[in-house]
Amino acid sequence: MSMKATIRQVDSVMVVDISGRITLGEGCAQLRELIRDQLTKGNKRVLLNLADVTYIDSSGIGELVSAYTAVSNQGGQLKLLKLTKKVHDLLQITKLYTVFDIHDDEAKAISSFQKP
Amino acid sequence: MTSEPSVVEVTLESDLKNLEVAEEIVRRVAGTAGFSEESEHQIEMAVHESMINAIWHGNKNDASKRVWLRFETYKDRLEIRIRDQGIGFNIDDVPDPCSGDNLLKVSGRGIFLIRTFMDEFHVKRLPGSGTEVTLVKRIDPAQQPK
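Those sequence lines, one after another, are chains A and B.
Heads up, the first sequence is in our numbering, so the first residue is 828 and it goes up one at a time.
Heads up, the second sequence is in our numbering, so the first residue is 74 and it goes up one at a time.
Derived from the structure by calculation, the hints contain no laboratory data.
Keep in mind that the hints are not guaranteed to be accurate.
To give a feel for the contact side, a few chain B residues facing chain A, derived at Cβ under 8 Å [claimed, not checked]:
hint, residue
1, HIS114
2, GLU122
3, ASN163
4, VAL167
5, PRO170
6, VAL179
7, ARG182
8, GLY183
Some chain A residues well away from chain B (every beta-carbon gap over 12 Å; in silico) [to be verified]:
hint, residue
9, GLN836
10, SER846
11, ASP864
12, LEU866
13, LYS868
14, ALA878
15, ASP879
16, SER886
17, ALA894
18, GLN901
19, GLY902
20, ASP928
21, HIS930
22, ASP931
23, PHE940
24, PRO943
Where a beta carbon is used, it is the ideal one built from N, C-alpha and C, also for glycine.
Based on the sequences and whatever the hints tell you, model everything.
Put into structure tokens, the structure is as follows:
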């Protein structure tokens, strides 16, 4: 199953619901394009909902890092929501768990973003 | 360990589409070997990352080249060999992706994950014919099928 992403706006935050595989190739390219597109539109508050991500590989983790730095470099914020156990464990192992702001509750995640 | 292993061997085209083929084989082999679901996922990821290294870095994404996989299931362990037609790499040259300067790098976590998830990881250069990596995961006797 390839990656699917749908975007919805909640307050000033773009919530991206991602499902499927974030892996080398199509999944990573799609995520990269999506982030680039949001930044081009001036949307600098991004919440990636990973609840339905079934598989992520080292390239997918790299793509999350790339998205995080791209948004941060533009003065924005990128946060993660609802990690599966597999993704949670991978971020722990790679020591990225402390880099990302990670939430389990969407409403609390939304309210944690700095207001524009 | 003297008993003969159960062997599954396959040669795949050097194409990223074959990652899922390799993962399916891993699930079947690891599933019957008696690994826990978590160990099965770890093996699957280790093979996935090794396949990427073989296709992308070893064979330079050249579809005319091949990746060879061999799974040997012993009573106490699963040994997986993955061979490509590339020039290989030195394991000591692979930087630690968790160290400060590397933490926010986009790439460089594949080998680290393989080493984390498997009990053994070896790289062997095969002069004139490619590179072979060996992944070993020991089977917890408590998890073995009755």
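How the hints compare with the structure:
1. HIS114: The hint holds - HIS114 (chain B) has a Cβ within 8 Å of chain A, the shortest such distance being about 7 Å.
2. GLU122: With Cβ-Cβ at 6 Å, under 8 Å, it holds.
3. ASN163: violated, 19 Å
4. VAL167: violated, 12 Å
5. PRO170: Given a least distance of 6 Å, the restraint on PRO170 (chain B) holds.
6. VAL179: Interface hint status for VAL179 (chain B): holds (4 Å vs cutoff 8 Å).
7. ARG182: holds, 4 Å
8. GLY183: Given a least distance of 4 Å, the restraint on GLY183 (chain B) holds.
9. GLN836: holds, 27 Å
10. SER846: holds, 17 Å
11. ASP864: holds, 19 Å
12. LEU866: Holds: least Cβ distance 16 Å, greater than 12 Å.
13. LYS868: holds, 23 Å
14. ALA878: Per Cβ check, ALA878 (chain A) is outside 12 Å of chain B; nearest 18 Å; holds.
15. ASP879: holds, 17 Å
16. SER886: violated, 7 Å
17. ALA894: Check fails; 10 Å does not lie beyond 12 Å.
18. GLN901: Label holds. Min Cβ-Cβ 15 Å, cutoff 12 Å.
19. GLY902: With a cut-off of 12 Å, GLY902 (chain A) remains clear of chain B, as the shortest Cβ separation is near 17 Å.
20. ASP928: holds, 15 Å
21. HIS930: Given a closest Cβ separation of 20 Å, the condition holds.
22. ASP931: holds, 21 Å
23. PHE940: Since the minimum Cβ distance to chain B is about 21 Å, PHE940 (chain A) lies beyond 12 Å and the statement holds.
24. PRO943: holds, 25 Å
Violation of the numbered hints given earlier is confined to hints 3, 4, 16 and 17; the remaining hints are satisfied by the structure.
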